[in-house]
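> Heads up: the sequence lines are chains A and B, in that order.
In this text, residue positions in the first sequence follow our numbering: the first is 3, and each later residue adds one.
In this text, residue positions in the second sequence follow our numbering: the first is 7, and each later residue adds one.
Simulated from the structure, these hints should not be mistaken for lab results.
Do not take every clue at face value.
Computed list of lysine-lysine pairs in DSSO-like fashion (alpha-carbon distance at most 30 Å, straight line) [as the list claims (entries may be wrong)]:
| no. | chain 1 | residue 1 | chain 2 | residue 2 |
| --- | --- | --- | --- | --- |
| 1 | A | Lys125 | B | Lys138 |
| 2 | B | Lys197 | B | Lys43 |
| 3 | B | Lys43 | A | Lys125 |
| 4 | B | Lys40 | A | Lys125 |
| 5 | B | Lys138 | B | Lys272 |
Predicted model, so just to flag it, every value in this text is computed and none were measured.
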Amino acid sequence: MRIGSAKETYAADTALFDSTTQRAWTAIFAVALVAFPFVVDDYWLYLACLVAINVASTAGLNVLTGYTGLVSMGQAAFMGLGGYTVAILQIRFGSPMLLNLLAGGVVAMLAGLVVGLPSLRVKGLYLAIATIAAGVLAHFIFSHYTSLTGGTSGLTLPPAQIFGLELDDSFKLYWVIVPITALMLLGVANLFRTRIGRAFIAIRDRDISAEVLGIPLLPYKLLSFAISSFYAGVAGGMFAYFFRAVTPESFPLLMSIFFLASVIVGGMGSVLGSILGAVFMTLVPEVLKLIVGWLPLGDNAMLVLSPVRTIVFGLMIVLFLIFEPHGLAEVWRRVRRFFHLWPFKT
Amino acid sequence: MNFDGWLLFEISLAGLGTGGLYALTALAFVMIYKATKVVNIAIGEMLMIGAYLFLAFTSTLMLPIWLAIPLSLLASALIGGLIERTLIRPMLGESPISSFMVTVGLSSILIGLVELIWTADQQRLPEFFPSKPILIGEAFVSPKIFYGFGIALLFIAVVLVTFRYWRGGVALRATASDQAAAYSVGINVPKVFSLAWMLAGAIAGVAGIVVGSIGGVSSAMGAFGLSVLVVVIFGGLDSVFGALVGGLLVGVIEALAGFYLGGEYKILATFGLLVLILMVRPYGLFGTHEIERL
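Produce the complete structure using the sequences and hints provided.
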């Protein structure tokens, strides 16, 4: 049982980890991440990379939607921009991987700035629907600017290279994707210890009040869009390297909804929530596959799987919103509180 | 290339036909929005459910069409009411974004259910429109689109009259204009919420049957809802008049873009229009401009 953590300085209050226990668990988790690739098979490594990519993109969307309160349904489009940028750079110039990823992020960021521009006039759900337009536009460009994007058949990438080493399987890519994602998460976590992050939160809570308090809305909203789409761009770049192909159909509207769902299921305005949400939403379809595989359905199993996935996906959004609106992050906090106070009742 | 006036007229007419259906669906959307302030992105999927119910009543149960239509409308209304009671009611008082996301989840659930029950394959609804082609001047109009437009107009008129004169319609309008005041004069507001969703379900069902009999039904036909979303943003989320004008206009613009530029430009034109209108009038052509106060 842990009783009260008296914080004596402001720095202690804003610290990333507020107790030794937390630091210890984070260290254990980090060690587990390093050990993970050596103990599991290819399938789990594949999932781990996919989860890491989704975590990165979800964290970006959480900055925009969870912390700044601007709902975006264009996250997949920004990922697509990042993915295509990386693919084109890799194929045409063969430039180094990390540079490509950075470029993918920057291109997506610039697009994010443009999409963010109307956010001052257009609010709430109008904005959400306007960002669908960004997705439609991006899809159109991907499939029609054939000379650059390869049209509907898309682009196929050679394996990524880093220091002359070919990253051609999940095991090798893991060592690039997971550290980048960890770095990005650290970035978000620190962002909300700064003036900028707190300005985002103020805008979410009441934008007019925030403006009265001296937070200029347009620059901050644009900044939020820029950060979010930068994250999406980098995640999209990793996506391109991971699947070694990008097509216009790789980044559908449903994918944007997937990230929005991850943010909701994980917990809006929580870094931990971005991780939990993305992990949960990525793994649930796999678990479903297992369950449907166990059921005595015979040949029908594969036929049933896809609709069941769609239904469970929708149910997850709905049930979380109705019964656990603060998402998995809140569940996590409850569990933690239980152990803090144990053996007393919470 | 000489400009063919009749061709333009013909394409515009076809566009108007689709536009009528957009307007009808947008009406269902606006009804829900006005009464409950929920932005229902699942309107396209509710439309799809209506079409599939019709398919079930005619093809599976072999009911005659005159019986199947009212039955499927009744069933879609019930489903609308069910959605309101189970999913929307618990979200009362939550932020508009939360209830919007609930409808996002709902659209997935509905698509999944349809795929589970009827599979994702495209199917045809039984023919019930007369198939004699219709000529207006030199312009040829597909009979399905012509009668579809007629049905859309008819139902729009019915809904408008209902809104104006029926007790329930008046209660709906009262709730839309001021919830607290409606409560205080004895209107059962929660019941009005259910009513709005049931009516919207039925209207979407009508649109679904017509859309399905023009283009067939599939689990992807909810995409129709995307254009409807543009229509309501264009006309203003809470404006019935805006929904009608927006529907017709978007229908015509889509048809023209689709013909003169190519099919894939359709959706681009629609969303281009959306971006344009959001730049100029963020609350739509006829929507109320909400004044924010602290």
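> Verify the proposed pairing of B/Lys197 with B/Lys43, using a straight-line Cα cut of 30 Å.
Holds, at roughly 15 Å.
> Quick one, are A/Lys125 and B/Lys138 close enough, alpha carbons at most 30 Å?
Violated - the C-alpha atoms of B/Lys138 and A/Lys125 are around 48 Å apart, more than 30 Å.
> Regarding the pair B/Lys43 and A/Lys125, is the alpha-carbon distance no greater than 30 Å?
The given pair, whose Cα atoms are some 15 Å apart, holds under the 30 Å limit.
> Verify the proposed pairing of B/Lys138 with B/Lys272, using a straight-line Cα cut of 30 Å.
Measuring from Cα to Cα gives roughly 28 Å; hence the hint holds.
> Is the hinted pair B/Lys40 and A/Lys125 satisfied, with a Cα-Cα distance of at most 30 Å?
18 Å, holds
This entry does not satisfy hint 1, going by the numbered hints stated previously; all others are met.
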